[in-house]
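Chemist: Listed below, chain by chain, are the residues.
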Amino acid sequence: MMYPKDTPWHKLARGGIIPGAATALAYETGGWRTFRPVRDDECCINCLFCWVYCPDGAVVCEDKTVKGRGFDLDHCKGCAVCAEVCPKDCISMHPESDFAQ
Amino acid sequence: MPDQIALEGNIAVAEAMRQINPDVVAAYPITPSTEVVQAFSQFVADGVVDTEFVAVESEHSAMSACISASLGGGRVMNATSSQGLALMWEMLYIASSLRTPITLALVNRALSGNINIHCDHSDSYGARDCGWLQLFCENAQEAYDSMFQAVKIGEDMRVRLPVMVCYDGFLVSHSVEMVKVEEDAAVKAWVGPYIPDRPFLDIEHPYTVGPLDLQDFYFEHKRGQIEAYKCLPDIIEEVGASFGEAFGRSYGLMEPYMMDDAELVVVSLGSTAGTVKDVVDALRGQGKAVGGLKLRAYRPFPAAEIAAQLAGKKAVAILDRAMSFGAASAPLYSEVTSGLYANRVCVPCLGYLYGLGGREILPEHVERVYADLAEAAAAGWAEPEMRYLGLRE
Numbered sequence: 001m002m003y004p005k006d007t008p009w010h011k012l013a014r015g016g017i018i019p020g021a022a023t024a025l026a027y028e029t030g031g032w033r034t035f036r037p038v039r040d041d042e043c044c045i046n047c048l049f050c051w052v053y054c055p056d057g058a059v060v061c062e063d064k065t066v067k068g069r070g071f072d073l074d075h076c077k078g079c080a081v082c083a084e085v086c087p088k089d090c091i092s093m094h095p096e097s098d099f100a101q
Numbered sequence: 102m103p104d105q106i107a108l109e110g111n112i113a114v115a116e117a118m119r120q121i122n123p124d125v126v127a128a129y130p131i132t133p134s135t136e137v138v139q140a141f142s143q144f145v146a147d148g149v150v151d152t153e154f155v156a157v158e159s160e161h162s163a164m165s166a167c168i169s170a171s172l173g174g175g176r177v178m179n180a181t182s183s184q185g186l187a188l189m190w191e192m193l194y195i196a197s198s199l200r201t202p203i204t205l206a207l208v209n210r211a212l213s214g215n216i217n218i219h220c221d222h223s224d225s226y227g228a229r230d231c232g233w234l235q236l237f238c239e240n241a242q243e244a245y246d247s248m249f250q251a252v253k254i255g256e257d258m259r260v261r262l263p264v265m266v267c268y269d270g271f272l273v274s275h276s277v278e279m280v281k282v283e284e285d286a287a288v289k290a291w292v293g294p295y296i297p298d299r300p301f302l303d304i305e306h307p308y309t310v311g312p313l314d315l316q317d318f319y320f321e322h323k324r325g326q327i328e329a330y331k332c333l334p335d336i337i338e339e340v341g342a343s344f345g346e347a348f349g350r351s352y353g354l355m356e357p358y359m360m361d362d363a364e365l366v367v368v369s370l371g372s373t374a375g376t377v378k379d380v381v382d383a384l385r386g387q388g389k390a391v392g393g394l395k396l397r398a399y400r401p402f403p404a405a406e407i408a409a410q411l412a413g414k415k416a417v418a419i420l421d422r423a424m425s426f427g428a429a430s431a432p433l434y435s436e437v438t439s440g441l442y443a444n445r446v447c448v449p450c451l452g453y454l455y456g457l458g459g460r461e462i463l464p465e466h467v468e469r470v471y472a473d474l475a476e477a478a479a480a481g482w483a484e485p486e487m488r489y490l491g492l493r494e
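Chain order of the listed sequences is B and C. Going letter by letter, the first sequence gives residues 1 to 101 in the working numbering. Going letter by letter, the second sequence gives residues 102 to 494 in the working numbering.
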């Protein structure tokens, strides 16, 4: 269980613990990202290298397919490992400002 | 068994550890604390304790292992000095932040450099902000007694914090004194069994320890930690009184000596408090209204209680056995005088630095302090300059 962001200090568990396990999914780190990965799905051969190497599990894979599935932008920190390991160079990194409304 | 037996301070502390029979001791030897671990590892080898003894490769690893063992649900102990404590430094903060009630025998020794193995309080002072309790002991008996109390205070469900039992290197650790060693069953019963805060491997109730803690929660966690220290003065008094009821030796946050009608007071930590008491006795014999205030709890620092003790006195001396370089004054002086100001107690305070690197402090040094206090009392004022005892000038 993640505490809501407005939880006052005296409502938190002792020792800075988080009650519950595997809580990383509930903690959004996408806000740290400066560069956003964009996959060219025409060129993607679905080798899954990006999915294997992503340190944050932020490459979306469904039915053994990453092609056309995009990225989990709530957790992608923009580290660009996916772009680096892609054997077809079909993942490119773009400044977040390009996506600002 | 005789009522008292002759023991070195370190061996008395190792005896206390044998009687407590902790689940885990992870330690690395360093002078002058080595004997504690050496004697205790003999108990392990002889099978007289059930403790898992972890011989680690450094003090950093020792403290890391202690934290893990404590989180794993065990009662955990350790001993170190000086550089050993310094090497534990980053783990000390983690131990207190994770609220692991580890007991550490800290045998006070000067920090390098230059290298020195003898007593001063630079190691304790260096770790004063890391969230551990620090109880200073005057002699071997207090060190022995405080080990049991440290366990009880740190493990109290209202507290759950690690505790250092501090005693002066060589002066207490290696001096042979008469010590009353209590019956195993009696102290075991008094300390009681270890009750984990929460079992570590409870798959029905998993939890996450030591996660990333950024701008959004770190401050609230620290505020929670600050709160934990507020109840400590009462608990230290409570546990000290309970120990007294059980074994006839009571303890508190401090020990006032001839303070009731005293006009001139010397505040000190550790074995020096014994020298101060002797000098007080001698000066009382000459009809002088002098007293001593021995601080036992340095963390938590009982500022209001100290101010209450010093209110109405004519002059006070504060003895420091280590310096905070570049600070306005030495640590104990700064903290005592700050507590006096905050509690609206105005009394001339003289600060002394003494005993660095094991330099001897003699009764005549303390006599000089009381003579200085008499002058300050007459003037109603003391220059806020550092004074030195036993230094070649």
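Be aware that one or more of the hints could be misleading.
Result set (SDA-like, lysine to any residue): computed pairs, CA atoms no more than 20 Å apart in a straight line [claimed, not checked]: (1) K331(C) <-> H10(B); (2) K11(B) <-> N122(C); (3) K11(B) <-> Y308(C); (4) K11(B) <-> D317(C).
Don't read these hints as lab results, they were simulated from the structure. These numbers come from a predicted model, not from an experiment.
Chemist: Each hint: holds or not?
Modeler: Verification of the hints:
no., hint, result
1, K331(C) <-> H10(B), "14 Å, holds"
2, K11(B) <-> N122(C), "35 Å, violated"
3, K11(B) <-> Y308(C), "16 Å, holds"
4, K11(B) <-> D317(C), "14 Å, holds"
Violated hint for the displayed structure: number 2, the only one.
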